[in-house]
Amino acid sequence: MDTDWRTASDDEVLRRARREPDAFAAFYSRHERLVLGFFAGRVGDAEVAADLAAETFAAALSAIPRFRRRREPPVAWLLGIARNILAMSRRRGRVEARARRRLGMPQLALTDEVLERIEGVHGTALELLGGLPPRAREAVKARVVDERDYPDIARDLRCSEAVVRKRVSRGLKALRNQMEETK
Amino acid sequence: MSLIPDLEAQLRDAAARRRERARRRAIGALATAAGATVLVSALLLMGGGDERRAGDRRAGEERRFEGPLPVGTVIPKGEGTPPRESDSTVVATGTTPFAGAWQLEAAPTFGERSLPGAPRGRCLALTVLDPPAYEDGTPDPSGGSGFCGALGFRKTPGFSRAQKNVPTLRKLRGHLFLPKEVLVYGRVPERAGKVAVTADRGVRIEVEPHEGPKSIRGDFFVIPVKPRLGHASINWLDTDGTPGSRGIRLQPPVTNS
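Chains as they are written, first to last, in my numbering: chain A, 1 to 183; chain B, 184 to 440.
Fair warning: there could be bad hints in the mix.
Unchecked claim - Taking beta-carbon pairs under 10 Å as the criterion, some of the chain B residues facing chain A (in silico):
1) ASP189
2) GLU191
3) THR264
4) ARG356
5) LYS377
Think of the hints as simulated: they come from the structure by calculation, not from any bench. On a predicted model such as this, the values are computed, not experimentally measured, just so you know. Virtual Cβ for every residue (Gly too), placed ideally from N, Cα, C.
Isolated chain A (complex conformation) (with noise of 0.2 Å):
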């Protein structure tokens, strides 16, 4: 039976990835733009930023087993990973590939179309991301884009870690839906 991922949840999806390739297949492909233009606006360069996102969602296949869903929605689980991702790539001065390797994933050939198109990603993010809520835009920014913690917004926003959370979680599910209509 085909499943139609478009109407699953993110959790409904990652459950099921642990059994169906699809599924994650549909993870990916629902958070490519957000987790590019993540990391194109971070290291200024298309190649680089495609193969922190293959690695990215390459660790978090990985992770999958050890996913349990808390207080944070999956896409800031993604989010994290992206994070650390690119804090053990700056470390090491090259782009990590362990997750790529482990999984015998080989590495991306890029064609001058792609990376026109992923360039074009960071700007589409940016325009959506002032196109929210004042509070979801604010509460995003700030753990998305300056990726400061949840209890260091929470006291800047005066207002609890759950709320922030909250805010982060609407304003990314909105991006999300925003960034799949502009595709």
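Dock chain B against chain A, hints included.
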């Protein structure tokens, strides 16, 4: 449509391979359990037998243990497990009580995709060849650790250190499981006679550096230490016992914070 269709296909394939491996592992575990039952029954019938370890501390059948290669061996780009990203030279080998056999390799970073502004030079990579599993039998997925360039070691030329936790730190249900052993490794100048780790309560661990191959400058060391030593630092000493630098502070979990 995905922006990088190749990556979507690669991930789908990797997920399928992963699922297949998990299925094979489950079948293997079942077969091993059945085999063990037969073996235990046979030993009981024979009225004795050697004492067996309660659990195999090694990481499972998937990883094949291959002993360290001789110092000076060059592992060509794309070869080895995992495949090397560039020609990699074995600079030292040895064993430690918990981690077992290790192999230290040096490889040039030139020609690889580097992050903008990252230093170029050599990368030093430590591989634990047969990584021990966690206490509950879960395999430790990380057998390697490495660093590149002179990043962070500007005040101590020719002297560098990094740490590899064995097994890798893990947090489970809010509890942090410390490694059993931390391998402190790096490079020292060739005139170094000893490398010493010192810590609170008079802890002092000294080792002699390994002489690397002629093609690569410097000597190398790997020192196994226990976590939570408190205020631990590392330094090299010349043949007269004079400290070669101001020393470098070790990082958690060797230190307490």
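How the hints compare with the structure:
1. ASP189: Holds, about 6 Å.
2. GLU191: At 5 Å from the nearest chain A Cβ, GLU191 of chain B passes the 10 Å test, so the hint holds.
3. THR264: Holds: closest Cβ of chain A sits about 9 Å from THR264 of chain B, inside 10 Å.
4. ARG356: This interface hint holds because 9 Å falls under the 10 Å limit.
5. LYS377: 28 Å, violated
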